[in-house]
Amino acid sequence: MDQTSHPPITPCVALLLALVYGCTIALQTHMYVSMSLILFFLAWLKRRFLLIIFKRLVMLNTLIVFIALTLYWQHQEHLAGLMLLRSNLMLLCILLLFHGCNEFTIAIAMQRLALPHKITTLFFFTSKSIFLIRHELVLFKNTLRIRGFTPKTDLLSYKTLAGFIGTLVIKALERSVALQKAMLLRGFQGEIYTLSRRQSLSSNDAIATLLTLISLFWHQGYLL
Amino acid sequence: MSCSLTMKNISAARNGVTLYNGITLNLSHKEKIAIIGPNGCGKTTLLEMIAGLSLPQSGLLELFHRPMRSLDDFKTVRTMIGYLFQDSDNQFLAPIVEDDVAFSLLAQGISKEEAALKTAMMLQDLGIAHLAKKVVYHLSGGEKKLVALAGVLIAEPKLMLLDEPTNGLDNAMQQKLVAILRKIDKSIIIVSHHREFLESIVDKIYTMTQEGLHGTFNASNPQKSYIWRTYDGHETTL
Ligand SMILES: Nc1ncnc2c1ncn2[C@@H]1O[C@H](COP(=O)(O)OP(=O)(O)OP(=O)(O)O)[C@@H](O)[C@H]1O
Ligand SMILES: [Mg+2]
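Protein chains in written order, with my numbering: chain A, 1 to 224; chain B, 1 to 238.
On the chain B side, residues computed to face chain A include the following (Cβ under 8 Å):
(1) Ala51
(2) Leu53
(3) Arg78
(4) Thr79
(5) Tyr83
(6) Asn90
(7) Gln91
(8) Leu93
(9) Pro95
(10) Ala102
(11) Ser104
(12) Leu106
(13) Gln108
(14) Ala115
(15) Ala116
(16) Thr119
Keeping only pairs whose Cα atoms sit at most 27 Å apart, straight-line, the calculated DSSO-like set for lysine-lysine is:
(17) B:Lys134 <-> A:Lys181
(18) B:Lys112 <-> A:Lys181
(19) B:Lys176 <-> B:Lys30
(20) A:Lys181 <-> A:Lys171
(21) B:Lys8 <-> B:Lys75
(22) A:Lys181 <-> B:Lys186
(23) B:Lys204 <-> B:Lys30
(24) A:Lys181 <-> B:Lys158
(25) B:Lys75 <-> A:Lys181
Here are some chain B residues the structure puts well away from chain A; computed CB gaps all over 10 Å:
(26) Asn21
(27) Asn26
(28) Met122
Worth flagging that the hints you see were computed from the coordinates, not collected in a lab. Glycine is no exception: its CB is placed at the ideal position from the N, C-alpha and C atoms.
All chains, please: the whole structure from these sequences, using the hints.
Here it is, written out as structure tokens:
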């Protein structure tokens, strides 16, 4: 993956839009069709990745649907629908805005928005650790495959799995120790840096901002 | 002669097992030495003690004439020490190559423009300019090593600790590394299993055993012996 191509929406703007959209949607008691206006624009910008983004949305929905169903069975139909719609609008907005941005880009954007360094570095190193742990997971799966392991319901399978989880914990711990060492040795001052220049605002940013505001305040097409 | 590093009777243990007793080592200003020894004998542990990542069990450690008694003492010498990890993955603090290489410079408060220029030059020198915008986790093992090395070299530390710098490098790259390390006018300690590589760079090779370090002068480096004979504070190249 190359960093040279800029994301269609400037990360700083994307962060602000996600915040404004998410917070406002979360407080709504009625839903309107017009609220999805911004999503159509973002979907058009990310049209090449829509399939992946929708797959993610479906995965994230498993828990949401479960909660909505629980509410539905408790005869809180309106609340169930509201929750389902609200969380999906918010999730889709965030997925569309940040698809293709790595954690570093987002962390730098947070820093440029003058968020405290503690928060941005915490965000960055946490997501980096998650990335590394996921990497270990892939490696382990490959090792199992190469060494001819087929999971069964026998003791060996459970032992292997338990061993893997233990290894993962130890590796995560080792990684964090190594990270601390690297920070010490390389003069980490509680801040992260980039050489890339601040991305200038584009027409996409302006359109997205305008559409977000329209989506939030122009209520058309009552849903529930 | 002024010393970058003095170690007297250093002993170290891991998990209660003593690795060695009584390591004694003097590293003069701008001297280049190598440490070799079997796997698990404690070479990395020794470098970590010099870099102030852990403390020896006993003994005296002095860096740039300052005694290092607690990990806090290392704060004053931190920017003077460069360390290349045995596993380069552990070294990276930023995910993009150029950002990671520039990290130490930016952390020292050097302007972005200057840092960018120096980074570009460093990447050029190592022949990895085409990697500048790449994500570090997607590089090959050897490429990672070179990027990590660039991040160490760019800070121009007075004392460089290199833990297996040739791991994963091809022959051409090893030759290049030899040329670079030879040109550098700093104190360097290299840990490696690669004798031929070491012999073309260092002044002295130490073998690590449980009893301590045994040093032998490296006679197989004609250029080096020439520099020795004419050594008068300025380096003369042939
Ligand atoms: N974090 C740790 N916890 C416990 N024991 C450790 C740890 N790190 C290293 N050791 C042990 O300390 C000993 C010395 O390790 P060290 O990494 O210094 O060896 P080394 O000489 O660098 O070996 P190699 O040539 O393989 O890199 C080894 O026996 C190792 O098992
Ligand atoms: Mg080692």
